[in-house]
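Enquirer: Dock chain B against the given chain A, drawing on the hints supplied.
Protein chains: 2
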Amino acid sequence: MSNLKFTVLRTDPSCKARTGILELPHGPVETPIFMPVGTNATVKAIYHEKLKEIGYNLILANTYHLYLRPGMEVMKDFGGIHNFSSWNGNVLTDSGGFQVFSLSGLRKIDEKGVTFQSHIDGSRHIFTPEKVVDVEHIIGSDIAMCLDVCTPPDIDYRAAKEAWRITKNWAERSIKERNSIEDFRGNLFGIVQGNFYEDLRRESAETISSMDFPGIAIGGLSVGEEKSKFNDFLAFTASYITMEKPRYVMGIGSPDYIFEAVENGIDLFDCVLATRMARNGTVFTDDGPLVLKKAIHKMDHRPLDENCTCTACRRYSRAYLHHLVKCNEMYGGMLLTEHNLTYLYNLLKRIRKSIEEGTFLSFKREYIARYYGK
Amino acid sequence: MSNLKFTVLRTDPSCKARTGILELPHGPVETPIFMPVGTNATVKAIYHEKLKEIGYNLILANTYHLYLRPGMEVMKDFGGIHNFSSWNGNVLTDSGGFQVFSLSGLRKIDEKGVTFQSHIDGSRHIFTPEKVVDVEHIIGSDIAMCLDVCTPPDIDYRAAKEAWRITKNWAERSIKERNSIEDFRGNLFGIVQGNFYEDLRRESAETISSMDFPGIAIGGLSVGEEKSKFNDFLAFTASYITMEKPRYVMGIGSPDYIFEAVENGIDLFDCVLATRMARNGTVFTDDGPLVLKKAIHKMDHRPLDENCTCTACRRYSRAYLHHLVKCNEMYGGMLLTEHNLTYLYNLLKRIRKSIEEGTFLSFKREYIARYYGK
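Residue numbers (our numbering), protein chains in the order written: chain A, 1 to 374; chain B, 1 to 374.
The following block holds chain A by itself, in its conformation from the complex (with noise of 0.2 Å):
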């Protein structure tokens, strides 16, 4: 039970790189593509109009957090998040088992599901794989993730053999909940767990691969551990994983992970830290992260980026930058918002191209040392 289409364009000779057309209810979208993260059915501080115009038709929006403000009722009388927020593109919602993870005071998990405390004001409330569901489809996500349990990166093998034991039993209740929804439009994705265990990765990416899900999620990673436990783990886990399947790497979102991501065939990605960052006055170039905030910037009458596109780099200097970040101005939140979602859109738009080409793993490795000033 499907409402996409994944096709596989061009894939590299020499890795698993490879570009398509994902085809979703609300528009096409050339992969491998980042996500931007809209919490609150916002992307933070960028017009919905500037993220069309650079490209984006898929965002992602967080289950846990509209699920609690602005409510189900107010989703319902909307018709869902799109007419809600007035986003005609794609939205992929997460469901809300990090953040319940991150962001809880409190978080039980049993066999049911999980009970949490809002954020907000405290107020107790569960969600059952089968709740997360229903309300995502009332959400009317395009992509809806099943809930699933999220682990730190230190727990011992029986917790987290009992997590992914509770991650599958979730994502069968999911699909059956799925399958029960006469009018559900959206494309449910199951995720991957197994912590840092190889064999309850390899289990539980056959597992999940297997199951009647038009997408594959691989959770539980960029969770703290060291980049390099990340690349083994995200390569070892990936290789178990269908290659017919979109697949979907969750939380992160950096130059250096994305080309990791994508040299093991991952088509999708998501991260706050290209927009958190952007806030905090830090912004994505080909020679490394520049922060602005330092002295070095005050009289640098040069573009953040000769070839970026974005409003800050057309017509702001760093220096006029530099000034804002100084007085947390929020047009300095604001333009540096818009430079880093358009330095990711464009990265991924010149990886596509270096696929294309086959010349990904030569276009990764001079990225990689100009961007670590190698």
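Everything labelled a hint here was simulated from the structure, so no lab data went into it.
Treat the hints with care, as some may be off.
Using C-beta positions, here's what the derived DEER-type ranges look like [as the list claims (entries may be wrong)]:
| no. | chain 1 | residue 1 | chain 2 | residue 2 | range |
| --- | --- | --- | --- | --- | --- |
| 1 | B | ALA295 | A | GLY79 | 19 to 27 Å |
| 2 | B | ILE296 | A | MET211 | 55 to 63 Å |
| 3 | A | MET211 | B | ALA295 | 37 to 45 Å |
| 4 | A | GLU23 | B | ARG365 | 57 to 65 Å |
| 5 | B | ILE155 | A | ASP286 | 31 to 39 Å |
| 6 | A | ASP286 | B | ILE296 | 45 to 53 Å |
| 7 | B | ARG69 | A | ARG350 | 34 to 42 Å |
| 8 | B | ASP121 | A | GLY373 | 42 to 50 Å |
| 9 | B | ALA295 | A | LEU106 | 47 to 55 Å |
| 10 | B | LEU9 | A | GLU73 | 50 to 58 Å |
| 11 | A | GLU73 | B | GLY373 | 23 to 31 Å |
We put the CB at the ideal spot given by N, CA and C, even for glycine.
Expert: This is chain B only, laid out in the frame that chain A set:
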């Protein structure tokens, strides 16, 4: 000595309200007009290009703030605020008199000038009238305000008289300094003071009017006094200022105050209210201010204002804007800022139209009645 041309086009038959064209170094401005405040060389939370799209061609910046940050070294290096901030419209700079009065921890005024402490790092600085003219020349202000002594509404006659005496002396010294700068390209405006004493106000208005200023401002109003007192002193003071030059009331920007000012033949006004209110979730409408935090808006599908052309009104419901404000999302502040500035620009357009049609007073009556829900 003037680099402006001011042409009165139409005066209302029943009051002093008038339309005009103010030609400035960076293009013409239709009057009466509201000037958005861009303290740090940025009108908070709005793209420069949006300001231009709305129709604004004259914004305000603060000498006090720019002097402290980015500082004059940067301003010189960039050849002024237009190049530094990439704003190609006109800029009026406040002299710092009011900021020193309202922001500075320490303020010591004597004949020579004012000693103050930076609100950023506590460092000590001196502004003399000459120095302020020099600084505004470096900034490249299209309209530069003289340094004045701004006083609170509760001081005695003796103190008010002394403040006006110094203001007058500083006005003369400001003109002398301006005349000594060969390539001074801006327009130095004088400021009327006199606190809330009629004889001082009259003397100040007549004296500043008679001096070699191409424009006259009324300062020291809207500093905490009651509205009726503001109205009385505005009308009284304005009646003694020349009608030949552009007339500016400093620090007002709500619809009711704007109508009052226009009725008294005021051409220019500025205020942080529109943009500050917006960031706090309140917007102007013909039916009075709308506080978006209120739960009443939670499911309201209507736009803020049926007739408004801003992004918020064209694209979003009150419910979505309520949600953004409740979530403290920057996009809320951005959209509401755009709304309030669009609203005020269009209100002034309606006011100018009513003056052209000779119906200003009836428009004022109807507008105010609806605004206060009568």
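Enquirer: Would you mind marking each hint as holding or not holding in the structure?
Expert: Do the hints match the structure? See the list:
In this structure, ALA295(B) and GLY79(A) meet the distance hint of 19 to 27 Å, their C-beta atoms being roughly 21 Å apart. Restraint check, ILE296(B) to MET211(A): a C-beta distance of roughly 46 Å breaks the suggested window 55 to 63 Å. The beta-carbon spacing between MET211(A) and ALA295(B), approximately 42 Å, falls within the hinted interval of 37 to 45 Å. About 59 Å separates the C-beta atoms of GLU23(A) and ARG365(B), a value consistent with the hinted range of 57 to 65 Å.
Between ILE155(B) and ASP286(A), the C-beta spacing of about 60 Å breaks the proposed range 31 to 39 Å. Taking the beta carbon of each, ASP286(A) and ILE296(B) are about 50 Å apart, inside 45 to 53 Å as hinted. Between ARG69(B) and ARG350(A) the beta carbon distance is about 37 Å. The supplied range of 34 to 42 Å therefore holds. Taking the beta carbon of each, ASP121(B) and GLY373(A) are about 33 Å apart, not inside 42 to 50 Å as hinted.
Checked against the hint of 47 to 55 Å, the pair ALA295(B) and LEU106(A) fails, with Cβ atoms roughly 26 Å apart. A hinted range of 50 to 58 Å for the beta carbons of LEU9(B) and GLU73(A) is consistent with their spacing of about 53 Å. About 29 Å separates the C-beta atoms of GLU73(A) and GLY373(B), a value consistent with the hinted range of 23 to 31 Å.
Violated hints, in rising order: 2, 5, 8, 9; the structure is consistent with all others.
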